[in-house]
Each structure stands twice: as structure tokens, then as C-alpha cells.
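Student: Below, each chain spelled out in residue letters.
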Amino acid sequence: MSENENRDRPIIDMRNVSVDFPVKGPIPFMPKKKVRAVTDVSLTIDYGETFGIVGESGCGKSTLANAMIGMVKPTAGDVLFKDVDLFKLKRKEFKRIRRDMQMIFQDPYSSLNPRFNVYQLISEPMFIRGGVSDEDMKARVVELLELVGLSDDDLYRHPSDFSGGQRQRIGIARAISLNPDFLVCDEPVSALDVSVHAQILNLLVEIQSKLKLTYVFISHNLAVVKNVCDNMIVMYLGKVMESGSAESIFRNPKHPYTHALLSAVLDVDIENRKERVVLKGDIPSPIDPPKGCRFWKRCPFAMTGCKDKPAELLDIEPNHAVACHLVNDVFTDAEKDAGLNQPIEDHAEGLLGTHGKK
Amino acid sequence: MNDNMLTMRNLKVVFPSNAGMIRAVEGIDLDIRKGECVAVVGESGCGKSVTSLAVMKLLNSPPALMRVDELRLDDEELKDYSETKMQSIRGQHISIIFQDAMTALNPVMTVGRQVDEMFLRHNDISKKEARKRTLEALELVGVPEAKSRANNFPHQLSGGMRQRVLIAMAFACMPKLIIADEPTTALDVTIQAQVLEVLRGMQQKHDVSLMLITHDLSVVSNVADTVYVMYSGKIVEKASVRDLFKTPHHPYSYGLLASVPKLSDTKHQFVQIPDSVPHPLRKPSGCYFHPRCRYATEQCKKEMPPLERFDNGREVRCYHPLNVTDTELQS
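Chains A and B supply the protein sequences, listed in that same order. Each residue of the first sequence is one higher than the last, beginning at 248 in this note's numbering. Each residue of the second sequence is one higher than the last, beginning at 37 in this note's numbering.
Hint data in this document are derived by calculation from the structure and do not stem from the laboratory. Source: prediction; values computed, not measured. Just so you know, even glycine gets a beta-carbon here, dropped at the ideal spot from N, CA and C. Incorrect hints may appear among the rest.
[Unchecked claim] Straight-line Cα separation of at most 30 Å, BS3-like style, residue types lysine-lysine; simulated pairs: (1) B:Lys-241 / A:Lys-527; (2) A:Lys-457 / B:Lys-298; (3) A:Lys-320 / A:Lys-280; (4) B:Lys-282 / B:Lys-70; (5) A:Lys-554 / B:Lys-183; (6) A:Lys-527 / B:Lys-298; (7) A:Lys-538 / B:Lys-183; (8) A:Lys-279 / A:Lys-544.
[What the hints assert, rightly or not] Here are the in silico distance ranges between beta carbons for each label pair: (9) B:His-315 / A:Ala-323: 45 to 53 Å; (10) B:Glu-112 / A:Pro-273: 49 to 57 Å; (11) A:Asp-383 / B:Pro-310: 25 to 33 Å; (12) B:Phe-51 / A:Pro-372: 36 to 44 Å; (13) A:Asp-383 / B:Phe-189: 50 to 58 Å; (14) B:Gln-123 / A:Ala-323: 56 to 64 Å; (15) A:Ser-437 / B:Glu-112: 36 to 44 Å; (16) B:Pro-310 / A:Lys-280: 49 to 57 Å; (17) A:Arg-338 / B:Ser-300: 43 to 51 Å; (18) A:Glu-564 / B:His-191: 43 to 51 Å; (19) B:Lys-319 / A:Arg-262: 53 to 61 Å; (20) A:Arg-262 / B:Ser-184: 41 to 49 Å; (21) B:Phe-51 / A:Asn-364: 22 to 30 Å; (22) A:Arg-376 / B:His-191: 57 to 65 Å.
Throw the hints in and build the complete structure from the sequences for me.
Tutor: Structure follows, in C-alpha cells:
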């Protein structure tokens, strides 16, 4: 679409992005506290790939995606979309480049205006862009409806006439109406019925191959991510714990948190059920995240050194990086002599429960 | 004496509306044995939550109209009980765990007082004694530092903790039957695993019957003993967990199981069931599932298949059940 399109360069390049949100304290003029939603995240997304972001609620995955499309201004770091820094653009230029990135929302019940009919909903982006005649617009809407598996009979019906799955299809049609290159899918199926999940996921995959789209796929369902994504990151409290190709992360998960997430997934497979490791405790508040490694308070393998030294993302194999002191073995000999690589006393017990076989 | 904790026969619930009668539940039989965990699975709008409320007789009437031939808890027939009488049953003999703990708890009362209420309502004890039991109950479900937590308001607790408080309330009077309506849907995966562990542990330790309402098949496979699959207000299949997950008989159960993404999968297309659940006002003729069913025949379009019972206790509502073994056919 835009003139500086070079498909060999990454479509999204984030460099050391941090997003903080100020919170009001109980007393005025008190030093303001900050929610550290995203801290120091760097990543690149190539053209045509599906990039997964996984984590528990409150770990910053939606904020990160919003920063990618310029909805949230990072407090630090740069976001390059097609080698253009989104936050240095003029308003008008930004508006133009925003056409190339669209979003599919989680809840199709609240993301569609109930007073609009399908035609109005899907044509609104084109209407705002302008320069399209009414006939062309209508032809395009019908074409889009067919692409997402609805028919032109539905053109003048309202969202309330549709089921959740059909509404999500309308949302998808609206998102692709301006021929974007980049689509953020924020938990696209988690609000839908189980039997419709597969339909929508298949539709997304089909549209991607037809229109050569790049997806960012946010989900807490690891089984979906495994089946859809090429590359992924695992986030915890605003930091990337593990990143790399989905294949290598699922084949060889390294970070204790990734392990815990994978083991918490309940599988419908009752034939080969494995012993599960269940993390105790809750995700700490992002207002005052733990110093050092963000995960150490819930990590069953935490060492003394993890309390103070932040874990950095280091490659362990091509296209697979982990932020963990234990895996990367980062402590120098002097630090080891000081006992930093010793397990924290009385820490591991109480953190793990095993959810055994039935 | 029988070993059924809950026996329900022919439950029907309708909601009259301007556009016509919404038949939410159309004649459901439910048996829950003592100490058993029964799961009712279905998608939104299939009537599973209405069923759970009907067991508690919590449906507001009007608008809901409810009819049941038999509703027996242990040896007590609840069918004709008045509201006052039901109030002494609820909490003491049946209790319910709601889906969204934030809305189920009173936001302006400390959680401790809310659990106290359970004890004070059903036992003749002092407030001090009630608080003592509350702390015990909270500790039992794994709330750390129960003493100070009891003085917290719901918004001060995390989602997992709130759900634990609800579980503590449900188990407070050691009821005979606990209904859990989507107990983990609003929670994160790691917290979901914790809460299920607590729920299952409490259920086995105290040998109460559990009725689990959910749409999540993975939860079912990990917790339940027997499964009822509901579709559009009717039960389409009943089987033990092992049987259902190994050899689903009804095409809908088969489709549901196949469409769940699994970690053991390799990358490929997702198996999908076409279309979506019928609108409750526009239910199709014959078998409700036939427009979405690959195996539908003329007969399916005309007549609703009966709920057929096999010798091994399985029940299927289908003319063309899948994976039926020869031994089952002979019965």
C-alpha cells in the first residue's frame, strides 16, 4: 500500500518499548505511582507471519498490541511500522498509515454499534476514508460478506439478529474492508461458543492466506496459539519471559513460567494424562512489580540472585530466547561464591501443588 | 433408600415472550448419585444455567414457568415446597457457586461477614462461634492468612481468592449437593487450575455430590464422573467421562470434542461444526441438531429422536449414533 513497502524488512519493529500508566494516589500531591504495564519489550514481526502473545490477564499483552498500532503512546522506546516511527508522524500521515493496520476485538457483542445495520458497520471505514461511490461501496461490502461466510441477504439486518459467531464475522469483514496488511486479533474467539471457535479460527487462517495478512494473535489459550502461530512471546507482568518460534517453545519450553502455563492447560485428552504442576499464588500487582526477575515470587526454582538481578532475554538456540537466570546460567564465579545461585530457603515449598491423575 | 442424591424427572421451563414461548428446558431427567460429580455441558443458550437454577428453585416466576414431575433431594421431595421452606434448604442442603464472584459477593460487606451469615442463618450459634467456623472454612479452601482476609472487602481480593470465598460459602454447612455454575470461566489458566484443584479436593474429602455446569470440555474431562451433553434445551447424550471422550455417540458431542484445539495437535485445520446454535424461538423441526449434522436423514428432519438407553448406562438422542459397538447394539 504505502510507498516504502519492502517485504524483506519486518512489518513491526519494537525497540525497548515500555508503557507506564500513572495512577492517582489517595492523597493529592503525593508522588504518583505508575502501573508498569509493559517494560522494555523488543520484538520484530515479519510480513505474512502470525505472531502470538500469551500471558495471564494483566500481563500487558493488550497494551503491547495497542502500542503496536499506535493506540497507546509508549513512555520509552520506538515503534516502527514498515520502518516508519508511528509516534513521530503528523496527525494526517498517521491517519493514512493507520488504514494498513486494523483490529479484531474480543467481544462481538460490544464492538458493533447496535443501531447500525451490517452495511453501515462494514462500510464505515470506507466512508471515513472517502472517495468511494455508493455503488462501489455496496459491491465491496457484498464481496466482503461473502468472504467471511455471510450473504447479501444480511445487508440490512442489525447486530441483534446475529449470533456471536456471525457478529465476529461482521467484525472481521469490517477489519479487512480497507485491505490492511496488519491485523491485531485480541482474543478473537474467547467470547464465543465452543462449537464456533473452530469456524472463526479457520476463517482467520483462510483470510490470511488469501489476503497475505500479518497477524498478531493475543490469546490465553495455548492450544490455539500452538496451532495458529509461527512465532510467539510469553509475557509475565509486562516483561517477555520467553520468545521464539512457536514450534521450539512448545517442543522445548525453558522458562519455569512457560512450563507452569503449559501444565495448567487442561487437556481433553483423557488417555495420556500427565501429572500437572500447579502454580500457587496470584500474579503480583504491576504497580509495584518485584525487583529482579519479575517471576521470582512465584517461581519454584528461584535462587537468591533472582531477587535483585533482572533477568535478560538471551538466546539459547536460533530463534528461541529465554529470560531466566537458571536456564541462562548468568552468574559469574564471584557471584556464585556469594551464594547467589543457591535456592532461596523455605521458598519452594508452598509454591507447588501437584494436580495428580484422577 | 436409594443412592441418588438428586433425582429430577421431566423438568420443563418456558419463558413467555411477546414473540412466542421460549422453551428453555424441554423435559430433562437428571440423576446425581451420592458423592458423584456430574457435569452438564452445553453452549450458551442451551438451558444449562436455567436447569441449575431450577434445581435450587431460584427461577423468578413470572417470567419463568417451571414444571417438574419429580425433584427429590435425597429422600425429600422439593417439588411442592414453599419459598420459605426452600430458604431453609438452600445453603444447608443445596448450595450454588456462581460464575462471577465479583457480582455474587456483596461489595459493601466484608467477606468474613458474608461467610458468617451462612452459619448464623442455618445454625443456632453465637457470632463468635460463627466467625471461628468461618476462619476454618476459609483455611480449608486455601485462603492464606484467613484471619486478616476475612476483614477484607471483595474488591480487595484477587479473582482466584474471591472464587475460593464462594467455595468456602458453598461448603460452609456441608450441604448434600453443590451446584457449580461455570466456576472457573472468569479466571486465568493458572488460577483456574488452582480453583479446580480446591473444588475437586473439597468434594472428595467431604463426599458431597457436585453438579458442574460448564461449556469447557477440558474442565469436564478433569473433574467430572458423568457427563450430560445438552443442546437447545434437550439432553442429547449421557455417558461416563471416559466413554464420552473415547467414543462420543452423538454427532454433536463428537463435533464438540473434535473442535477443541489440543496441545497434542500438530498444525492443521480446525475441525468445525457448521452454523451455530438455533435461536430459541426458531428451533428447527425434528432433531434440533439436524441442520448442522452431517449424518442427517429425512427421518431426522421430521421426528425428534427419543433418548435411547443402552445397557451400560449411556443414553443417546440420535437415530444414527456414531461409534456404537456391537454389544451396545444388542441391548
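Student: Does each hint hold? Answer for all of them.
Tutor: Hints, verified against the model:
1. B:Lys-241 / A:Lys-527: Cα-Cα ~20 Å, so holds.
2. A:Lys-457 / B:Lys-298: 26 Å, holds
3. A:Lys-320 / A:Lys-280: 18 Å, holds
4. B:Lys-282 / B:Lys-70: The hint holds at about 25 Å.
5. A:Lys-554 / B:Lys-183: Satisfied, since the Cα-Cα distance of roughly 29 Å is no more than 30 Å.
6. A:Lys-527 / B:Lys-298: Measuring from Cα to Cα gives roughly 24 Å; hence the hint holds.
7. A:Lys-538 / B:Lys-183: The given pair, whose Cα atoms are some 28 Å apart, holds under the 30 Å limit.
8. A:Lys-279 / A:Lys-544: At roughly 25 Å apart (the allowed maximum being 30 Å), Lys-544 of chain A and Lys-279 of chain A satisfy the hint.
9. B:His-315 / A:Ala-323: 45 to 53 Å: 50 Å, holds
10. B:Glu-112 / A:Pro-273: 49 to 57 Å: 52 Å, holds
11. A:Asp-383 / B:Pro-310: 25 to 33 Å: 32 Å, holds
12. B:Phe-51 / A:Pro-372: 36 to 44 Å: Hint holds: Cβ distance 38 Å, inside 36 to 44 Å.
13. A:Asp-383 / B:Phe-189: 50 to 58 Å: 57 Å, holds
14. B:Gln-123 / A:Ala-323: 56 to 64 Å: 58 Å, holds
15. A:Ser-437 / B:Glu-112: 36 to 44 Å: Holds: the Cβ-Cβ distance is about 40 Å, inside 36 to 44 Å.
16. B:Pro-310 / A:Lys-280: 49 to 57 Å: 51 Å, holds
17. A:Arg-338 / B:Ser-300: 43 to 51 Å: This hint holds: roughly 49 Å between Cβ atoms.
18. A:Glu-564 / B:His-191: 43 to 51 Å: Cβ of Glu-564 of chain A to Cβ of His-191 of chain B: about 44 Å, so the range 43 to 51 Å holds.
19. B:Lys-319 / A:Arg-262: 53 to 61 Å: At roughly 56 Å between Cβ atoms, Arg-262 of chain A and Lys-319 of chain B fall inside 53 to 61 Å, so the hint holds.
20. A:Arg-262 / B:Ser-184: 41 to 49 Å: At roughly 44 Å between Cβ atoms, Ser-184 of chain B and Arg-262 of chain A fall inside 41 to 49 Å, so the hint holds.
21. B:Phe-51 / A:Asn-364: 22 to 30 Å: 27 Å, holds
22. A:Arg-376 / B:His-191: 57 to 65 Å: This hint is violated: roughly 43 Å between Cβ atoms.
Hint violations for this structure: number 22 only, all remaining hints satisfied.
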